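Starting from the known structure of chain A, fit chains B and C onto it as the hints suggest.
Residue numbers (this note's numbering), protein chains in the order written: chain A, 1 to 201; chain B, 1 to 201; chain C, 1 to 201.
By construction, these hints were calculated from the structure, which means they are not laboratory data. Just so it is clear, the structure is predicted and the values come from calculations on it, not from any experiment. Keep in mind that a hint or two might mislead.
Said to hold, decoys possible - To give a feel for the contact side, a few chain B residues facing chain A, derived at Cβ under 7 Å:
| id | residue |
| --- | --- |
| 1 | 113 |
| 2 | 189 |
| 3 | 193 |
Said to hold, decoys possible - No more than 30 Å apart at the CA atoms, straight line, and that leaves these computed lysine-lysine pairs for DSS-like:
| id | chain 1 | residue 1 | chain 2 | residue 2 |
| --- | --- | --- | --- | --- |
| 4 | B | 139 | A | 139 |
| 5 | A | 139 | C | 139 |
| 6 | B | 139 | C | 139 |
For glycine and all other residues, C-beta sits at the position ideal for the given N, C-alpha and C.
Single-letter residue listing:
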Amino acid sequence: MLLYYLDLAGVAVFAVSGVLAARDRDLDLLGVLVVAAITAIGGGTLRDLLLDRHPIFWITDTWYLVVILAATIATVLYLRLRQPPGISLQVADAFGLGLFALSGAQYAEAANSSPLIVVLMGTMTGVTGGVIRDVITAKVPLILRQEIYATAAIAGVLAYLGMKQLGVPESYAFPGGILVVVGIRLVAIRWGLHLPVVHKP
Amino acid sequence: MLLYYLDLAGVAVFAVSGVLAARDRDLDLLGVLVVAAITAIGGGTLRDLLLDRHPIFWITDTWYLVVILAATIATVLYLRLRQPPGISLQVADAFGLGLFALSGAQYAEAANSSPLIVVLMGTMTGVTGGVIRDVITAKVPLILRQEIYATAAIAGVLAYLGMKQLGVPESYAFPGGILVVVGIRLVAIRWGLHLPVVHKP
Amino acid sequence: MLLYYLDLAGVAVFAVSGVLAARDRDLDLLGVLVVAAITAIGGGTLRDLLLDRHPIFWITDTWYLVVILAATIATVLYLRLRQPPGISLQVADAFGLGLFALSGAQYAEAANSSPLIVVLMGTMTGVTGGVIRDVITAKVPLILRQEIYATAAIAGVLAYLGMKQLGVPESYAFPGGILVVVGIRLVAIRWGLHLPVVHKP
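Next up, chain A with everything else stripped away, as it sits in the complex (with noise of 0.2 Å):
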C-alpha cells in the first residue's frame, strides 16, 4: 500500500520534471501532457516489462493517470504566475529519482535477483524515465552531467539493502534508501559536487 503511494509520488513528480523540460519547446498544453505523461511512466513501465509484471501498473488504475493530469495542470498554471527557479527540474527530477530506484529495486528483490542485479534493476528504472524525457525534448540527458546521478541511485540501493541486513525492518530501510538517493543528489547540485570522472588524458 505505500508502495502504492510512492508509485503515484513518483508519477507526480517525473510529470512536474516533464512540464518544465518541456516548457523550453513551444508546446501545446496537449503536448506538454503527453510528454510529462511519457516521462512519469517511463520508469515503472520499463521495470514491469523486464520483471513481466502485467497488466503494467498504469493500464488499469485510472489513478496514476488523474495525477500526472492534476501534476501538469498545476505545475503549467504555476508557471503563468511566477517562474521557478533554474534547477527546479532537477529537484523533481531528483525524488523521481529516488522513489523509483528504491520501487524497480524492491520489485526486482520480489523476483529472486542477487543484490547486484537489484542494484541495476533500481538504477535503470530511476534514470529511465529522466532519459526518456531528456531524449524527446532533445536535451542533453541528465544522467550525463557531472553531477553524481545514477551513483545517487546505486547509493539508494545499497544503503537499502545494507539496512536490511543490518536487521533494519523494510517500512524504514525503504524510505531511507530514497532520502538517500534525494540527499545525495540535492547536495551534489546545490554544491557542484562530482566524484572523480573518467576522461580522455
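Leaving out everything else, chains B and C in the frame of chain A:
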C-alpha cells in the same frame, strides 16, 4: 480483419516516412530498410508489449515485413525519379499517426482500460513510430514542432469514443477517428496552425 | 551452452564499447558503469521482450553483470595507461553487433519465425545496443554513418541461414555468421567502404 488491413496500411505509411527521413543521412539501401522497418513496427510493438499481446504482431506474420520491403523499395525508386515536396514526410507520418492511434486505442479497450487510459495508449502507440524514427535519424522529433501533433491523436481517439457513446457502430467510429487525426494534422501542416503554446514568459 | 558463452562475450564487448563512448562525457566511474551496462544488455533485453522470453536473460543470472563489471573496470584501467586508437569503439561494437545479431536470429528461429523475420529480428537485436549507447551518450548513431553497418548484420544472418540450407551443421553456421558480420564491418571500417547510398538528388 479490417483492423488487420489498417495495421498493414499504418506499417506501410510509416515505412515511407522512415525512408523520407533516412534519405538525408546518406545511408545505403539496407540501412534505409532497417530505419524504415524500425519506424514501421515501433508503435505497434510498444502497443503489444504494454498489453502483453504475444506473439508481437510482426513476429509470426511475414506480410508486415513484405509490405515494409515493398513500401521501402517503391519509395526509393520514386525518389530517383522525382523529388517529393518537403511536407511528404509529415503527410505520411499523419496517416501512420492516425492508424496507430486508433488501433492502440482499440486494443486498450479490449484490455478493459478506462477511457482516459484508452486515450493515452492510443496517443503513445501513434507517436512512438515517429519519435523512434526521428531519434535514430537524429532529427528534432515532429512531436516537438509547434503544429498540433499529439493533440491530433488525442482528438481522434476522443472522437472515436464519443461517436461510440452516441451509438455510432464501431465500423464507422474507427475510420472516423482516423480521419479526425489525419484531417487535423493535414490542416495544421497546410496552414501552420497551432494551439496556444506553454512557453517561458 | 555455446550460445550462453557467446552471449557473455557479446555483453563484454558491448560494455567495452559503452565505456569508450562514455569517456568523452566526463562521467564518474559509476556513471560509466551504468552506460556500459545499459549498452551491454540493451540488445538482448529487446530480443527477450519481443520473443516473450522470461525471465530476461540477465535478471536471474548474475554472471552477466559480473562480466559487465569486470569489462568496465578493465577498460577504465587500460584507458589510464594508454590511449587506444580512435576506431577501438567501432571494433568492439562490430563484435557485439555480430554476436547479438546471430543470437537474435537463432532465438527468432526457435519461435518459428519465417526467414525474413529471422533476419529482421537478428538485425534489430544486433543494432539496438549500439543505438541505445549512442543515444544516451548523445553521439550520432553508428548506424547512421556511411560505412556498411546494418548491412553487415543482415549479411551475417543471411550467411548463417544459407549455410544451414546447404547442410552445414548449426555449430559451424552460427560462428560463421558472426565472422561474416565482424569481417564485413572491420573491412568497411579499415578501408572506409560503403555501398551506393540513397541520397537527395
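Evaluation of the provided hints:
no. : hint           : in the structure
1   : 113            : 6 Å, holds
2   : 189            : 15 Å, violated
3   : 193            : 10 Å, violated
4   : B/139 to A/139 : 13 Å, holds
5   : A/139 to C/139 : 13 Å, holds
6   : B/139 to C/139 : 13 Å, holds
Checked against the numbered hints above, the structure violates hints 2 and 3; every other hint is satisfied.
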